[in-house]
Amino acid sequence: MEKNDDYFYIPQLKKRNRNGKIFKWVCASALISALFFLFIFLFDMVRQGYPAFTQAYIETEVTFNEDLKSNPYSAFDSDSFSIISRAWMRGLPRMMDEDPSLKGTEQKIWALANAEVDQYIKGHPHKLRDREQKIVDRMLEEGSIESKFNVIFFLTGDSKIPENAGFYSAIIGSLLTLLVTMTIAVPIGIMTAIYLEEFAPDNKFTQFIEININNLAAIPSILFGLLGLAIFIIFFGVPRSSPLVGGMTLALMSLPIIIVSSKAALKSVPATIRQAGFGLGLTRWQIVRDHVLPLSLPGMLTGSIIALAQAIGETAPLIIVGMIAFVPDAATNILEPATVMPAQIYTWSGMPERMYIEKTAAGILVLLTILLSMNGVAIYLRKKFHTKW
Amino acid sequence: MSKFKKVAGIALATTVFAGSAFADQIRIVGSSTVYPFTSYVAEEFGATTGYSTPVVESTGSGGGMKIFCADDSKESPSFTNASRPMKVSEFKTCQSNGVKDIVGFKVGFDGISIAQSKDNEPLNLKIEQVFLALAQEVPSEDGKSLIKNPYKKWSDIDKTLPNKEIRIIGAPTTSGTRDAFDEMVMEKASESFPAYGGEDYKKVRTDGHFIPGGENDNLIVAKLAQDKNAMGYFGYSFLEENHDKIEGVKLDGVAPTKENIADGSYPVSRSLFVYMKAAHEGKVKGVGEFIDLFASDMMIGQKGVLKNIGLIPMPQDELKKVQKSIKNRNKLNLEMVKNGVVLPL
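So the sequences go chain by chain: P and Y.
Using this note's numbering, the letters of the first sequence correspond one by one to residues 393 to 781.
Using this note's numbering, the letters of the second sequence correspond one by one to residues -1 to 343.
Extracted from the complex, chain Y is given alone in its bound form (with noise of 0.2 Å):
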């Protein structure tokens, strides 16, 4: 019996005593495409400071939203990585949720580039024609109605492009690339063809030419080294971590380079962002130093180490903005989320 006493007093000590470690650690939801950002920043925290790292968890953004839009306990998430801004309906969830309080923190760029097999000559696309290679109805010939994707070949599309067949390896429709590349490319190439009346086109065709990739990129990598007639897209460190094997495709005469994607004449770029509930600031320990840890030059400036892995810094006087309403905590309110940024109107 006294084993058994004490067994049971020092599993209840445990308990008691994980309680309260419990609360101390920051807890990081959102973005798979943020994720490898966010705990390179947590891991250094964790290493340079006395507070435990935070955990990160990849749950993707619209996830991301849910979790830390579902209650203000110190329990709950602090911060939720995103790969495009928080959408008002979110906002909404959050503010009747208890979360009132939100700082928006954009941390900078990333790129969606389409790559193909280093082998191949090099490729120079207009997003007009990656967007008839890839939609599920195109115009027809006199450009007045909407017909069933006849295109097999590129060459089929335009005679100068090579004479190959189409085939693209893209993200899955839960992916946070796919949305962006959904948005950027073909939402915004179908405004150039009168026949879509003005809608925003983004059905992709499903007879072979587009074929679904997994969420790992590395998969899609291999695919493209393997298969010199693929062609396909994915965040941007893919890219610049595999030039041995392949090599991205200029999209309207501009090449997916760092510079260009940060100085935005890249055409598929996206901004990416991190958002803090304030009033954990004193309920998580950790939670200020944790942000203003990850605004520093050290992280997102033009030498930042995350430049390293992957991620697009903000021009020189945008990552002084983004300071400055870091060190305010300025706080969101809806017109801003209505108009996608996190800087005070």
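Excised from the complex, chain P in its bound form (with noise of 0.2 Å):
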């Protein structure tokens, strides 16, 4: 019996395992690192950008005569004056003008604090003064401040004033682009495939074409922000800044990456189904219609909306189509400027104020939540289409 053991006994066995084992462990901590890494990313991101999501907000006594709508700032002492924000006083005389019952009344109004108040009841470093750190207490103990949901956030554009500053039309601005390169890059890149994968003959012209293709989807997009400028602009006089311009040159950019992936998923096809189809007497384009891509269509989507989400964080192409701005009203039309949410980002990154330090980690908590739920309807539509062989 022993013997018979003996015969399977192999020496480099235990080796074997051991060396399979330490493989095994090295691929697991690469990925443990990377999740490691990601925590920490979005640990630092939320705790950041928590706060944002509330702002400070004061009751204040208000009387609505001519005096606050010739001059808004004059009708507060200097104390309401150090915690009120301007933004909120400034825009007094047009709450009359939308509102005329307003007129002679004297109103109990939650007022928008400033950024320094704001700070304090955060417990962030801050530049109130005691005697208003003082009044702050005081209010806070008598429940005339009270922190609410910052809808600003999501209905306003971006500000100067930190605590008036929102992503808004960043979003918009984000969409119209997005909507831009989704109708250029889309069917112009779907097509292309077709063409290159069901019809184009295989020759060295074809070959040429499909090898620039991929050296395409690999170039630093800042080229294509120069391109852009190049052409559309300069060439073409498509308005500066706008989610025209944005858009199509985010969609020279995704076009590589949409034909690559619609031509793997092309491919991926069995022969047997279009052979089926010749056996059958079918031409190529009822084969193409009927058959290949509604199987194709799965993975052509996947590939575009992945395209899609890359171009909707990318910036450095639009700095050079100037859409790196100070835009606050939202576009309403694909000509009219707008900005972008990473370029929002990016802008308030660089601004000496402390609070945009919170409004820009909850940007990137938005641009993370929209980009994710792209990458889900991905996802959702690979899992829902997908046809088993």
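Don't read these hints as lab results, they were simulated from the structure.
Each residue gets a CB set at the ideal place from its N, CA and C atoms; glycine is no exception.
Take these hints with a grain of salt, some might be off.
Ranges of calculated distance between the beta carbons of each label pair, as one might list FRET restraints [to be verified]:
{"id": "1", "chain 1": "Y", "residue 1": "THR91", "chain 2": "P", "residue 2": "ASP529", "range": "56 to 62 Å"}
{"id": "2", "chain 1": "P", "residue 1": "PHE546", "chain 2": "Y", "residue 2": "THR46", "range": "22 to 28 Å"}
{"id": "3", "chain 1": "Y", "residue 1": "ASP22", "chain 2": "P", "residue 2": "GLY496", "range": "33 to 39 Å"}
{"id": "4", "chain 1": "Y", "residue 1": "THR46", "chain 2": "P", "residue 2": "LYS514", "range": "27 to 33 Å"}
{"id": "5", "chain 1": "P", "residue 1": "GLN525", "chain 2": "Y", "residue 2": "LYS318", "range": "36 to 42 Å"}
{"id": "6", "chain 1": "P", "residue 1": "ASN463", "chain 2": "Y", "residue 2": "GLY286", "range": "20 to 26 Å"}
{"id": "7", "chain 1": "Y", "residue 1": "HIS241", "chain 2": "P", "residue 2": "SER462", "range": "32 to 38 Å"}
{"id": "8", "chain 1": "Y", "residue 1": "GLN300", "chain 2": "P", "residue 2": "LEU547", "range": "32 to 38 Å"}
{"id": "9", "chain 1": "P", "residue 1": "LYS514", "chain 2": "Y", "residue 2": "HIS241", "range": "15 to 21 Å"}
Two chains, each in its own frame: build the complex with the hints.
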């Protein structure tokens, strides 16, 4: 019996098993360190960013009269002036115009507190003087200062008054830009891939084109910005900073990625499907339309969504076409100046005021959420339409 | 088909509508130092008047001049920000491209502060000492020839200075802050050493004692708070905003404070400018009203709001002169550009 066991005994087996185990753990530790960095990054962003989702408000009495309309700043004494946001006071005359019934009345309203008060309440470094700190402490006890959910962050655009700065116009700008990118890049990319994969003859010329497309996918994105500046702005006269020019530039950038991934999706459709079609006498157009395309669509969509997700987080080419700008008003169409989410984050990260640090992190969180949900949609589409052979 | 027509119609309508709306919006380019102030005014302008908020782009002083001077059409920027006066070459480019009438506007001052961690002992440096710490070549012992910078510690330069390694984080060469620092510290200090033969010397050492930071001054501040041996220089507003982490280094005995920068006693301060295309008034909506708001006491005066975000206002009499010049829309001429001023000579 023992001899029989020995027959199967391989001396190197122990060493081989050990090597296998070491390799497994090296690979696993790579995964663990990647997860660790991701966790640190996310933790830091959430820690810095979550205070930005609340904002301090101060209950104030305001008398709506003609004085307030002509000079809103004069209606407040110096104590209130140093804790209430200028941006809020500035908007009072407009509030009176919009609601004429306010005229001549005295109202208790929640006024936006300025950045210093907000930072003081959040326990961050602030520049309030002792006197102002005492006033804020007293008001906190009385309950006339409250932290509320920061709707401003989602409803206004950029502002040089930190408590008034929001992400809304950047979100709109990103959506418009993405819309342009999608309308241009997805159809052109998918159709190019179909032509190259299904119709084009395999010769030196098409091979040359394919090599070039693969190379384009690896080009630094800032070069596409220079191309966009030279072609779209200088040659065609498309307005600077507009979602149109930004979208077209990003479309140039995403095209190669969409083409490459769509080609891969088409390649993964088994040749037997096409052969069966030909066997039944179908034309190439019928095979592509009714069989190959539906089968490869999930793969194409996944590729396109990932390319677009990359485009939405891109900043470098947009600097060149003028989208890193101060644009507080949200664009209403693709020709108006706009800024995009990563550009807004970049702008805020360079501001001296402390409150922008939390705004920066909150902006990153919003951008990440949007990216994650886009990738989620991509995964869902792949799962839903996936065909097993 | 009808659906297609409908879509095409809407697209066309948007284009036409947007085409006319676009020229109604003021566009501003230029210096990243003036950018926060101009955007503040732009925001105020948009919030308090019926005009749409001007779009402000931060392209750097030189980049701004290039775009500003390229053409005079109403789609081109009406204003450019600059953290230095317009150069003669730029003025000539403007003239040859049809941008004939330019109104220059001095906004105020900005100081460049050298700072270190707050935990360190307060420090007082002479401009010459900063120069010796940063220059690539320094005068030899006998002061007759130039040698490669041998100073590794501050105490090597002067025994009274701390026994610490020289490590200065500064702006990269593309930045206006760097231009201003080179001019006001390096070139000025080099004049007091005969070894340079009266030449303005501004070469910065590359042996690791000077570290070029990025354009983002917040990163330099974070570095200083972390690294007690490092010093850094950046715009004054970043010092003001971070008093809990860093403190200013005195230069020639003068601390970087608002007062010292405004009265000119702090040696490293510069003037900030905005240039306007006079021909755009009447062509682009709100151009005149915008410059009037910018030049008002409410913005750039001694109690103006821009002071809160780091602008150092001009003294009262100079402010009055600037405001008068803006009111009259005095145009720049070659003499004014040569002298680097915007007020009529």
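| query | What hint numbers does the structure not satisfy? | reply | No numbers; nothing is violated.
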